[in-house]
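Going by this note's numbering, the letters in the sequence shown line up with residues 1 to 194, in that order.
Worth flagging that the hints you see were computed from the coordinates, not collected in a lab. Glycine included, every Cβ here is placed at the ideal spot set by N, Cα and C. No false leads were mixed into what you were given.
If you anchor each label on the Cβ, the simulated ranges turn out as follows: (1) Gly98 x Gly55: 18 to 26 angstroms; (2) Thr88 x Thr178: 24 to 32 angstroms; (3) Glu99 x Ala189: 22 to 30 angstroms; (4) Ala76 x Glu53: 13 to 21 angstroms.
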Amino acid sequence: MSATHRGLLAAGLALLACAGLVAGEARAPGGVLGPVGPMLAQVQWVRARLAREAGLEGRSLALMESARDLDSRSEAAWSSLADHMGLTLASAESGRPGEERAAWLAGADGVGGGGAAAGAPPGGRAGPAGGRRRSPAATDPDLPFVDVPSGARATLGLWTAAARAFDHAAELGHPDGTSAAAYCRRVAADPGTW
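All chains, full assembly: derive it from the sequences and hints.
Below you can see the structure in the form of structure tokens.
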């Protein structure tokens, strides 16, 4: 790329950023880059996927966080990052110790709540938190949960936490919250199922 092309590209990006400032979006999430932010975020998501496939988990996570920051009004960005933390990094398959997996799971709930900035309906934000609790309850009985020792009590705690998260989602209007909470309670009540 020639110096002239680079200069034109830089000027174009500066104009788009100014358009965001003029429109009053500089203080809004994802604002300064205006319409360029979501496009750059897509590039970061692709780079994150490639890094994850190459086994560069730390780099992948940093790129995902960068993508979320570039397009922080996107509910999908917040949800994808939270799901990666809560379902991939916190999974037994990750090979991490139980305490570290529990920390990733707890961190995912904090990130998932950030979708409020995206303006997504609260029920839509609360539902995935239940799913992130239900998944390890079904597959990872050794995951430490709060101050409960691993094993059956931890699994019961995860199923109960999933039911509470789905109840909260139902209160906020999630269409499947009630049925998902009922399912989690049924499973929690019958230790033979887990």
